[in-house]
Amino acid sequence: MTAQTIEAPYAGITAFWSNWRITPRQVVIWTILLLGGIVMVLPFVFMITTSLKFNNEIYELSLWPREPTLENYFFLFEDTQFVRWFFNSLLIATITTVSVLFFDSLVGYTLCKFKFRGRTIVFVAILSTLMIPTEMLVIPWFIMSKDFGWLDSYWGIMFPGLMTGFGTFLMRQFFESIPDDFLDAARIDGLNEFQIWWEIAMPLVTPALAALAIFIFLGNWTAFLWPLIVTNSAELFTIPVGFAAFSGEFTTDWELIMTGATVATLPTLLVFIIFQKFIIRGVMLAGLKG
Amino acid sequence: MADAGTTTLTLEQKRAIWAWVFLAVPVIFYVIIRFYPTLNAFVISFTDWNLVGERTFIGIENYVRLAQDPVFWKVMVNTVLYGVIGLPVSIVFAFVVAYYLDQVRFMHGFLRALYFIPFLTTAAAMGWVWRWFYQPVPVGVFNLILVEFGFGQQPFLRSTTQALPAVLAPAVWAGLGFQIVIFLAGLRAIPSSYYEAAKIDGASAWRILTEITIPLLRPTIVFLVVISTIGFLRIFDQVFNITTQGEGGPLNATKPIVLYIYESAFDSFDMGYATAQTVILFLMLLFITLLQLWYLRQK
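These protein sequence lines are chains A and B, in that order. Numbering of the first sequence is given in the working numbering, commencing with residue 1 and proceeding in unit increments. Numbering of the second sequence is given in the working numbering, commencing with residue 1 and proceeding in unit increments.
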């Protein structure tokens, strides 16, 4: 599967139906799809509009608040630690993503373009980690963190995700499409192996790097189980863990909970709206290659 | 090159050294953060340990205890139900949407975005949004709508039978966008020459679907079935956030294995017992992966 087939504007059955022009059938399909799509995003609409309501209005089925207010947001930003949690999540997701992009592509490249004794063992060993679910590792990680004093720290939250078997495998697949002659030419030009990887090979796999970055960032932004286990003090919570603790405390103040949910979700939505095509293509690429 | 002498390395050797320089840090990482914990999980599952006291080796006693624990069996049934209900519902829905979405060009990107957006959300946050929807009158949106149209209220999360599907719904909803996008990629990869040939033969849309589209989509379907099944069997975030106190209630009606692992390890500090459960989960997922490999090998 190449990027071209995915990007081809009207391949497959689309080309087949395109000869049909606008028919009543097309109009019906389009309308049903639109209605289904509206139902899909309705939870967000309720979430966002409720976050703009005063407490006395939340028991009404009205979609739009009578007097929209930012009161809930002021409360969240001034009287809770949401800003801190937001910053924690941003920091952790960013550092993890950078680390994964660097190491996974370095390892993927090495396993793809170098011939050396032990290559197969390293490759199979890393591939085999894909079979181990995180749930099986959290208890040993917790014990390890306890022994090393990593509990309740940024490093403790981050260390398990700094490299991934998935990313290594994905990048290796993409490096395979780079011809060896290309790299040999750089070698003759006197570049060392690190420069060849960093300056020649890496720019050629940017679509794959972007796809991987999206997956890893999103995965870390929404990660719940491990941050829940490893953190204890509220200052170190990530946004999902902080939000869950906050909601557990304000169980019936739904307008506040919806405000928290909006703050936790809106950043990824905004990023999606800006980079939509890019993200969809990334998911397709990762899905088909991974 | 071959007789480069004893002090100079061959190009081959130089490159091997570079390879190990590149791999040094990752190899250390994988050994300490992946392999050692994996082995440790198996070891801990044969011990009795409350995290602070002595670690005592008790053989397979944790596994025997699991087999006799009614809560564990309840949890296993729930976990399987999440997969058995979630998988077909989500795959069929996703395929139908993708199949028709693929035929629509007007505002295609916008429609696709509407279906894809739930995939980008934080499960913990959406758990609470859906928890709110399921509340009784006068709070919950679903019950307000039901009452508005003259139907009776539903207990949803308070009922032992309705709670599991109610918890599963947001998981299906959030995963649908991913499945649709993967299906769309699969549909586009089918060469249009197949469709043209079928059209010349005068095949009906139904025959094209069943004899061309679905068979050629088989790799995509297998991929999605495996990924989605594993996802549903590992459900946790939704259950922890939707159910009261994150207990997987009422009466364990919604508790999946991962939640039971979490409780055994971090509420009861029964490390050996919790780890034995993770080994069972691992074996379940391994079985699915092997099933997939076996199926693909047969082709």
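Source of the hints: derived by calculation from the structure; they are not laboratory data. Built from N, CA and C at the ideal position, the CB exists for glycine as well. Hints may contain errors.
In the EDC-like style, the derived pairs of lysine to aspartate or glutamate whose C-alpha atoms are separated by at most 20 Å in a straight line are [what the hints assert, rightly or not]:
1. B:K14 to A:D253
2. B:K14 to A:D189
3. B:K199 to B:E211
4. A:K146 to B:D267
5. A:K146 to B:D270
Here are the computed distance ranges between Cβ atoms for each label pair [as the list claims (entries may be wrong)]:
6. B:V222 to A:F250: 42 to 48 Å
7. B:R158 to A:G149: 39 to 45 Å
8. B:R105 to A:I273: 17 to 23 Å
9. A:L270 to B:V137: 30 to 36 Å
10. B:H108 to A:L270: 33 to 39 Å
11. B:R218 to A:Y59: 48 to 54 Å
12. B:G109 to A:F250: 36 to 42 Å
13. A:Y154 to B:F35: 23 to 29 Å
14. B:I145 to A:E199: 55 to 61 Å
15. B:P215 to A:F250: 36 to 42 Å
16. B:I145 to A:E176: 41 to 47 Å
17. A:Y154 to B:A203: 44 to 50 Å
18. A:L130 to B:P250: 22 to 28 Å
19. A:V45 to B:G109: 26 to 32 Å
Outcome of the hint check:
| no. | hint | in the structure |
| --- | --- | --- |
| 1 | B:K14 to A:D253 | violated (65 Å) |
| 2 | B:K14 to A:D189 | holds (17 Å) |
| 3 | B:K199 to B:E211 | holds (13 Å) |
| 4 | A:K146 to B:D267 | holds (16 Å) |
| 5 | A:K146 to B:D270 | holds (16 Å) |
| 6 | B:V222 to A:F250: 42 to 48 Å | holds (44 Å) |
| 7 | B:R158 to A:G149: 39 to 45 Å | holds (43 Å) |
| 8 | B:R105 to A:I273: 17 to 23 Å | holds (21 Å) |
| 9 | A:L270 to B:V137: 30 to 36 Å | holds (34 Å) |
| 10 | B:H108 to A:L270: 33 to 39 Å | violated (22 Å) |
| 11 | B:R218 to A:Y59: 48 to 54 Å | holds (50 Å) |
| 12 | B:G109 to A:F250: 36 to 42 Å | holds (38 Å) |
| 13 | A:Y154 to B:F35: 23 to 29 Å | holds (24 Å) |
| 14 | B:I145 to A:E199: 55 to 61 Å | holds (59 Å) |
| 15 | B:P215 to A:F250: 36 to 42 Å | violated (53 Å) |
| 16 | B:I145 to A:E176: 41 to 47 Å | violated (53 Å) |
| 17 | A:Y154 to B:A203: 44 to 50 Å | violated (60 Å) |
| 18 | A:L130 to B:P250: 22 to 28 Å | violated (36 Å) |
| 19 | A:V45 to B:G109: 26 to 32 Å | violated (20 Å) |
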